[in-house]
Amino acid sequence: MTKQDLPQSDWDANNKRNTVRLAWWTAAWVITMAIAVFGAQFVWKSIPWLILTGILVNLAVGVGMIMANRRHLNGLDEMQRKIQLEAMALSLGVGLIGGLAYSNLDVTNLIAFDAEISHLVILMALTYMAGIASGVRRYR
Amino acid sequence: MKNRLKVLRAERDWTQARLAAELDVSRQTINAIEKGKFDPSLPLAFKAARLFGLTIEDIFQDD
Chain V
1 MTKQDLPQSD
11 WDANNKRNTV
21 RLAWWTAAWV
31 ITMAIAVFGA
41 QFVWKSIPWL
51 ILTGILVNLA
61 VGVGMIMANR
71 RHLNGLDEMQ
81 RKIQLEAMAL
91 SLGVGLIGGL
101 AYSNLDVTNL
111 IAFDAEISHL
121 VILMALTYMA
131 GIASGVRRYR
Chain D
1 MKNRLKVLRA
11 ERDWTQARLA
21 AELDVSRQTI
31 NAIEKGKFDP
41 SLPLAFKAAR
51 LFGLTIEDIF
61 QDD
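Protein sequences, first through last, are from chains V and D.
So for the first sequence, the numbering used here puts the first residue at 1; every next one is plus one.
So for the second sequence, the numbering used here puts the first residue at 1; every next one is plus one.
Any given hint might turn out to be false.
[What the hints assert, rightly or not] Computed list of lysine to aspartate or glutamate pairs in DMTMM-like fashion (alpha-carbon distance at most 20 Å, straight line):
1. V:16 x D:24
2. D:35 x V:78
3. D:47 x D:58
4. D:47 x D:24
5. D:37 x V:78
6. D:37 x V:86
7. D:47 x V:78
8. D:37 x V:77
9. D:47 x V:77
10. V:16 x D:22
11. D:47 x V:10
12. V:82 x D:13
13. D:35 x D:13
14. D:47 x V:12
15. V:82 x D:58
16. D:2 x D:62
17. D:47 x D:22
18. D:2 x V:10
19. D:6 x D:57
20. D:35 x D:22
21. D:35 x V:10
22. D:37 x D:63
23. V:82 x D:34
24. D:47 x D:57
25. V:16 x V:77
I should point out that these hints are in silico values taken from the structure, not numbers from a laboratory.
No experiment lies behind these values; they were computed from the predicted model shown.
Please build the complete structure, drawing on both the sequences and the hints.
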């Protein structure tokens, strides 16, 4: 049987479905986040119930994204889960240590600008991606 | 940990993708196990042993 003849396994198909599902939930979360922020700034400026609705919808979609991520992780095989675990541990550690150090720089006025939460999110995302790349390379 | 997965696979003329499908793991995981870069869990080792009709010790050996 050649690789081309090989039928896609249930595990493989399920894994792909979980990945696509996670991508859709993530996209929905980003879109609802943009609506909540920019809607409040530019469209429904001072209507509290609309602002609150935007934030609650974003929060609800965020819960869906977390569940989709959990499902995705549970569907991975043991080596993939190990790579994910190590990357997430690295991301959490760097986020915590780096985030608090960054906050201290702001509190002690050693930096001229405010420490933004978005910088921390970017740092954690980049660390997570570097961790995944490192894990994939290690087991190649 | 050393293993005979590559030999057993070659005897059956299976690709890594075929073995991965049989064991419900990714092809990359099979490749890492064959190269000794990743040690499989006990359930996965049992699954491989069942698939080849051998014992775990026949497939996996401690370094």
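Evaluated hints:
1. Restraint check for residue 16 of chain V and residue 24 of chain D: the C-alpha separation of about 13 Å stays at or below 20 Å, so the hint holds.
2. Only pairs whose Cα atoms come within 20 Å are accepted, and residue 35 of chain D paired with residue 78 of chain V is accepted, the gap being roughly 16 Å.
3. Distance check on the hinted pair: residue 47 of chain D and residue 58 of chain D sit about 13 Å apart at the alpha-carbon level, within 20 Å; holds.
4. Straight-line distance between C-alpha atoms of residue 47 of chain D and residue 24 of chain D comes to about 10 Å, which keeps the hinted pair within the 20 Å bound.
5. A hinted pair counts as satisfied when its Cα atoms are at most 20 Å apart, and residue 37 of chain D with residue 78 of chain V qualifies at roughly 13 Å.
6. In summary, the hint linking residue 37 of chain D to residue 86 of chain V is supported, as the alpha carbons are separated by about 16 Å, within the 20 Å threshold.
7. Between residue 47 of chain D and residue 78 of chain V, the direct Cα distance comes to roughly 13 Å. Compliance with the 20 Å bound is thereby established for this hinted pair.
8. In summary, the hint linking residue 37 of chain D to residue 77 of chain V is supported, as the alpha carbons are separated by about 15 Å, within the 20 Å threshold.
9. A hinted pair counts as satisfied when its Cα atoms are at most 20 Å apart, and residue 47 of chain D with residue 77 of chain V qualifies at roughly 13 Å.
10. For the proposed pair residue 16 of chain V and residue 22 of chain D, the alpha carbon gap of about 17 Å is at most 20 Å, so the pair holds.
11. Among the hinted pairs, residue 47 of chain D with residue 10 of chain V is consistent with the structure: their alpha-carbon atoms are about 16 Å apart, no more than 20 Å.
12. Our distance criterion of 20 Å between C-alpha atoms is broken by residue 82 of chain V and residue 13 of chain D, whose separation comes to about 29 Å.
13. Taking the CA atoms of residue 35 of chain D and residue 13 of chain D, the gap is near 18 Å; set against the 20 Å cutoff, the hint holds.
14. A hinted pair counts as satisfied when its Cα atoms are at most 20 Å apart, and residue 47 of chain D with residue 12 of chain V qualifies at roughly 17 Å.
15. Restraint check: the Cα-Cα separation between residue 82 of chain V and residue 58 of chain D comes to about 26 Å, which exceeds 20 Å; the hinted pair is violated.
16. Restraint check for residue 2 of chain D and residue 62 of chain D: satisfied, since their Cα atoms lie roughly 6 Å apart, inside the 20 Å limit.
17. Proposed proximity of residue 47 of chain D and residue 22 of chain D is supported: the alpha carbons are some 9 Å apart, at most 20 Å.
18. The hinted pair formed by residue 2 of chain D and residue 10 of chain V fails the criterion: a straight-line CA distance of about 29 Å is larger than 20 Å.
19. Taken as a hint, the residue 6 of chain D and residue 57 of chain D pair is honoured in the structure, with Cα atoms around 15 Å apart against an allowance of 20 Å.
20. Restraint check: the Cα-Cα separation between residue 35 of chain D and residue 22 of chain D comes to about 19 Å, which is no more than 20 Å; the hinted pair holds.
21. Straight-line distance between C-alpha atoms of residue 35 of chain D and residue 10 of chain V comes to about 25 Å, which puts the hinted pair past the 20 Å bound.
22. Between residue 37 of chain D and residue 63 of chain D the alpha-carbon distance is near 13 Å, which keeps this suggested pair within the 20 Å criterion.
23. Our distance criterion of 20 Å between C-alpha atoms is met by residue 82 of chain V and residue 34 of chain D, whose separation comes to about 17 Å.
24. Taking the CA atoms of residue 47 of chain D and residue 57 of chain D, the gap is about 13 Å. The hint holds against a cut of 20 Å.
25. With a C-alpha separation of about 13 Å, the suggested pair residue 16 of chain V and residue 77 of chain V falls inside the 20 Å cut-off, and the hint holds.
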